[in-house]
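**Student:** Protein sequences, first through last, are from chains S, R and C.
Here the first sequence stands for residues 1 to 252, numbered as in this note's numbering.
Here the second sequence stands for residues 1001 to 1095, numbered as in this note's numbering.
Here the third sequence stands for residues 2001 to 2315, numbered as in this note's numbering.
Source of the hints: derived by calculation from the structure; they are not laboratory data.
Be careful, since some hints might not be right.
What the hints assert, rightly or not - Here's a subset of chain S near chain C, in silico, CB distances under 10 Å, partners left out:
| hint | residue |
| --- | --- |
| 1 | Gly32 |
| 2 | Asp38 |
| 3 | Ile146 |
| 4 | Glu216 |
| 5 | Trp219 |
Note that the structure is a prediction, hence the values are computed from the model and not measured.
Heads up, the beta-carbon is just placed ideally off N, CA and C, and yes, glycines get one too.
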Amino acid sequence: MENKEVLFDYVLRIADNALILGHRVSELCGHGPSLETDIGLTNIALDLVGHARVLLQYAADVEGKGRTDDDLAFLRDIREFKNVLLVEQPNGNFANTIARQFLFDTFNYHFFAALTNSKDENLVAIAKKSIKEVTYHYRYSAEWVIRLGDGTEESHEKMQSALNEIWDYAGEMFVADEVDKQMLAEGIGVDLNAIKALWEERVTAILKEATLDKPEDGWIQKGGKQGKHTEQMGFVLAEIQWMQRAYPGMEW
Amino acid sequence: MSKKDWPLWEVFIRSKAGLHHKHAGSLHATDEEMAMENARDVYTRRQEGISIWVVESKNITASVPDDGDMLFDAAKTKPYRHPTFYDIPDEIGHM
Amino acid sequence: MENTIENLEAKFQAKLDAEIKIEPKDWMPDKYRKTLVRQISQHAHSEIVGMLPEGNWITRAPSLRRKIGLLAKVQDEGGHGLYLYSAAETLGTSRDQMFEDLNSGKAKYSSIFNYPTLTWADIGAVGWLVDGAAIMNQVMLTRASYGPYARAMVRICKEESFHQRQGYEITMALAQGSPEQKEMAQDALNRWWWPSLMMFGPSDAESTHSAQSMAWKIKRKSNDELRQSFVDATVPQAEFLGLTLPDKDLKWNEERGHYDYGAIDWDEFWQVVKGGGPCNKDRLKVRNKAYNEGAWVREAAMAHAEKRAERKKNN
């Protein structure tokens, strides 16, 4: 792959993580366990969709084919989406939502922090702007893991099973493929190994405080970064893209 | 199922540097950490503030309306606390 | 002066007459308190239930800009519900109690939210018409005699100002778009126009609570007055878009200086109020689900806070 294509792919991965997780969290707006929590989670959804927008705009610039952020969000097919499998998993109960959020936010925080040192000025600018919000998410979801883990017996059990269920999807965030390696070599991308250590440390500490067991590492479910998704993703896209597909070429 | 509402908190926001914190409204939260989070999420969605105070509503002592006369009317009879009570010749200018 | 009921009532009335706000700790007649609790909690419920028909379309919004705008708007409604519940709580009721009254079907909310949002154009129509109608009411309520209610409304009106503009912009994009889009906008307008007029409640002659609420200065304008202002404001907005309001009797009345409009189908209104709207059951089902499934979360957070406080004490 040419450099430009690699960078395009790399930016799409970051963008799609934000877009798809933002979409998932946005499904919950109006259905949260308390009004305050509803509003808080929606702030996270808004932040993520906002990040997706600037990242997709940048991806479109890198590609240079005249596509827009909306074209990329609404008119790509499933194999062209590059988000990790973790973020497309359904909301489930509140513990499932929080488990997914916590594992991702912890990754995302360290990822964006590292990205502020990238050689790509645009990514640095985006990372610097987003990191403030990402830092808030990182605290917010960790707080909820602790509350649910160290809350009632019922919540402890739900939080533990939520972690166990989603754990296989966490590993993919740290598996570097050719794109990751090339971007790292060029000083643009992030060293996933370095982040993994930071992620492990934080996750271990929070789970301990939450009186939860860290699930055993086992088989890693992966493929999202290469566009090989779970079945969930088809339904996500059906919903996101329905309008643009049903009424092609219109302004809204 | 528990019928226990999360405790009520009052939120005070400083809108910009140099100003007082001003009462913004109330919310429910389990403890001070959550109250702070919720206050940020609920009351600063439009850059309304740069600093937040939260205090559990039950910790606020309020004056009783019936004591209003006793507490506040007395001040009405003390005009000597106001600058206009004192006559200064115009030639002196602003003082 | 002794605090006999007569004296207290006279004092209360004197305050209302002097446009002095009533505050939570002030004495107030029982009926005033009950009326406020009913009205403020209904208002809060309307915000919360109102999140649903629009929230429906967050995941299907046709562009990222629209998605963010809608998400922010629906979130605002949650915030507005919160401010209003807080205002009602100052009168001695609890949020849990109000939620339970809503969920059991005992408490009412604005009937408009029992109509379905079928197409994207409905999101435009709801923002333009439903928020437009709500704003008429809410601006009036910023002057309500009860302090916490009036203050909540001030905050809400400030925040709502973008909602109607967003709805109008969505409708405008459709009205100026393809024939298919324009038809979509017209269809939405046809379905939402009459229910929007019904939002102001029964006509003054029929309205049971209105007169007393006006005397207490909770309301400042009658249902019909507000409805008329809404019609007068909306007609030119529709004309600008090249859309037709679905009322053949609608015409300017030079003498009155207002638009005349056709008869409202009050049978439909009462059917929907009584639970016969297309979405009444659905809305309550969804609210019950969120509340019941959130119970363990609320309990867990409380239990954790208690543990944390206990540990702090022991340290």
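**Student:** Please go over all the hints and tell whether each is borne out by the structure.
**Tutor:** Outcome of the hint check:
Taken as an interface hint, Gly32 (chain S) checks out: its beta carbon lies about 7 Å from the nearest beta carbon of chain C, inside 10 Å. For the restraint placing Asp38 (chain S) at the interface with chain C, the shortest Cβ-Cβ distance is roughly 5 Å, inside the 10 Å limit, so the hint holds. Proximity of Ile146 (chain S) to chain C holds as hinted, the smallest CB-CB distance being about 7 Å (cut-off 10 Å). Because the smallest distance between the Cβ of Glu216 (chain S) and any Cβ of chain C comes to about 25 Å, over 10 Å, the interface hint for this residue is violated.
Taking 10 Å as the C-beta contact cut-off toward chain C, the hint placing Trp219 (chain S) at the interface is violated, the least distance being around 30 Å.
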